[in-house]
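Each chain, letter by letter, is given below.
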Amino acid sequence: MRDNVNDIKTILREFFRNNFLYSSDIDSISDDASFMNEGIIDSTGVLELIDFLEERFEINIENQEVIPENLDSFNNIERFLHTKL
Amino acid sequence: MTFHHDVLKLDASKEIDRICCFISRQVDLRKKDGVVVGLSGGIDSALVSSLCVKALGKERVFGLILPERESNPISKEYAKEHAEALGLEYEIVDITRTLKAFDSYKKRDAIINSLFPDYNPSKHKIKVTLPKDLLFRDYFNFFTLRVLEDDKEIFSSRLRKGDINGIVAATDTKQRTRMIYLYYHAERLNRIVCGTTNLPEMMQGFFVKYGDGGVDIEPIAHLYKTQVYQLAREFSVPQSIIDRPPSPDTFNSQVSDEEFYFRIPYSLVDLLLFAWRNDFPKEDVCNVMDLTNDQLDRVYRDFNTKYRGTQHLRELPPTLL
Chain A
706 MRDNVNDIKT
716 ILREFFRNNF
726 LYSSDIDSIS
736 DDASFMNEGI
746 IDSTGVLELI
756 DFLEERFEIN
766 IENQEVIPEN
776 LDSFNNIERF
786 LHTKL
Chain B
239 MTFHHDVLKL
249 DASKEIDRIC
259 CFISRQVDLR
269 KKDGVVVGLS
279 GGIDSALVSS
289 LCVKALGKER
299 VFGLILPERE
309 SNPISKEYAK
319 EHAEALGLEY
329 EIVDITRTLK
339 AFDSYKKRDA
349 IINSLFPDYN
359 PSKHKIKVTL
369 PKDLLFRDYF
379 NFFTLRVLED
389 DKEIFSSRLR
399 KGDINGIVAA
409 TDTKQRTRMI
419 YLYYHAERLN
429 RIVCGTTNLP
439 EMMQGFFVKY
449 GDGGVDIEPI
459 AHLYKTQVYQ
469 LAREFSVPQS
479 IIDRPPSPDT
489 FNSQVSDEEF
499 YFRIPYSLVD
509 LLLFAWRNDF
519 PKEDVCNVMD
529 LTNDQLDRVY
539 RDFNTKYRGT
549 QHLRELPPTL
559 L
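Residue numbers (our numbering), protein chains in the order written: chain A, 706 to 790; chain B, 239 to 559.
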């Protein structure tokens with residue numbers, strides 16, 4: 706069953722809090738803050754994020770979709786998921 | 239200091255003397271008899287071995303050439319040629335048997351087979367790459383497995399975290415196995431192990447923890463790649479080694495350092511990494527390098543991500559001491 710799209714950011718913040726090395730203060734990261742610029746996601750972090758999004762939201766993410774426009778902030782991910790759900 | 243294309247140019251003979259003093263002092267401080275150096279057939283180990291011979295004399299430098307079944311055959315030939323030109327004692331040890339005992343190839347191939355059931359190690363070659371064109375596109379760093387038959391790509395797949403972790407873990411046993419051999423000989427001969435990591439590799443984490451990063455000293459970790467080449471020319475390192483494109487020589491298919499890790503050519507890595515580390519005004523850097531602000535931002539973001547993500551490689555293990 707797919708999660709309610711209104712819970713997306715809550716779900717994402719929980720995931721980031723539990724999985725990323727630099728996420729000790731995830732609550733202070735704004736919805737439009739860049740994960741790359743803030744140094745939150747490292748090179749394998751984005752793979753973990755992709756795995757999580759594909760499993761949790763039952764979607765398939767293509768190579769050309771692994772771009773900051775789709776994945777580099779909570780707002781971007783929410784917007785991207787809306788196109789896939 | 240202003241930023242310009244020649245900003246990395248060194249006073250070569252002064253720098254060589256400085257590094258030789260460093261090597262000599264480190265050996266003396268530890269009360270050791272010399273050094274052991276892994277010779278890969280590449281420019282970094284060619285320079286390091288040359289520096290060690292100059293610093294200590296060829297009798298106090300022992301070279302180890304450690305190919306495995308997937309190494310490029312010319313690596314061994316170049317390493318051997320250079321070791322003989324330097325007149326240093328060396329040994330060639332094929333580490334394939336050690337890797338097979340650990341099932342390194344099997345473990346890696348099992349992951350590849352799960353993605354591509356038709357994968358056949360006896361007729362297919364593999365490599366792992368990052369997205370190209372860092373200057374022109376914003377991509378996160380994700381790894382793609384590529385399978386080749388007769389040098390033509392027949393399969394590619396973006397690697398999931400579990401898969402890349404498994405492939406990297408199996409592949410890293412190559413570098414860690416080499417570390418074992420280097421330390422065996424170093425301890426046997428009462429010597430220290432001399433590393434060959436250069437600055438871009440050190441700052442961007444392009445080395446294996448306790449693999450090629452498991453050494454006693456790193457005499458060229460302060461040198462940018464172009465500086466490595468500059469000093470290597472002073473030593474008359476064979477042109478074949480100087481002309482050879484830098485490569486991790488980890489997979490059985492040729493992959494460059496650019497494809498596998500840096501995503502931009504070394505000529506750009508060096509100058510932009512220097513600019514990033516020294517905080518030169520972005521406008522100046524863009525003007526000199528003929529880049530847009532967006533392009534520079536992409537590169538700097540990549541540098542920052544890799545630097546932060548690999549900080550643990552440059553630190554000692556935390557303790558409660």
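Treat the hints loosely; a few may be bogus.
Selected chain A positions facing chain B (in silico; Cβ < 10 angstroms) [said to hold, decoys possible]: (1) Asp737; (2) Gly744; (3) Val771; (4) Pro773.
Keeping only pairs whose Cα atoms sit at most 30 angstroms apart, straight-line, the calculated BS3-like set for lysine-lysine is [said to hold, decoys possible]: (5) B/Lys390 to A/Lys714; (6) A/Lys789 to B/Lys370; (7) B/Lys399 to A/Lys714; (8) B/Lys314 to B/Lys292; (9) B/Lys269 to B/Lys247; (10) A/Lys789 to B/Lys270; (11) B/Lys296 to B/Lys338; (12) B/Lys292 to B/Lys344; (13) B/Lys270 to B/Lys292; (14) B/Lys270 to B/Lys345; (15) B/Lys399 to B/Lys269; (16) A/Lys714 to A/Lys789.
Derived by calculation from the structure, the hints in this document are not laboratory data.
Just so it is clear, the structure is predicted and the values come from calculations on it, not from any experiment.
Note that beta-carbon positions come from the ideal geometry of N, C-alpha and C, so glycine has one too.
Which hints, by number, does the structure contradict?
1, 5, 9, 10, 11, 12, 14 and 15
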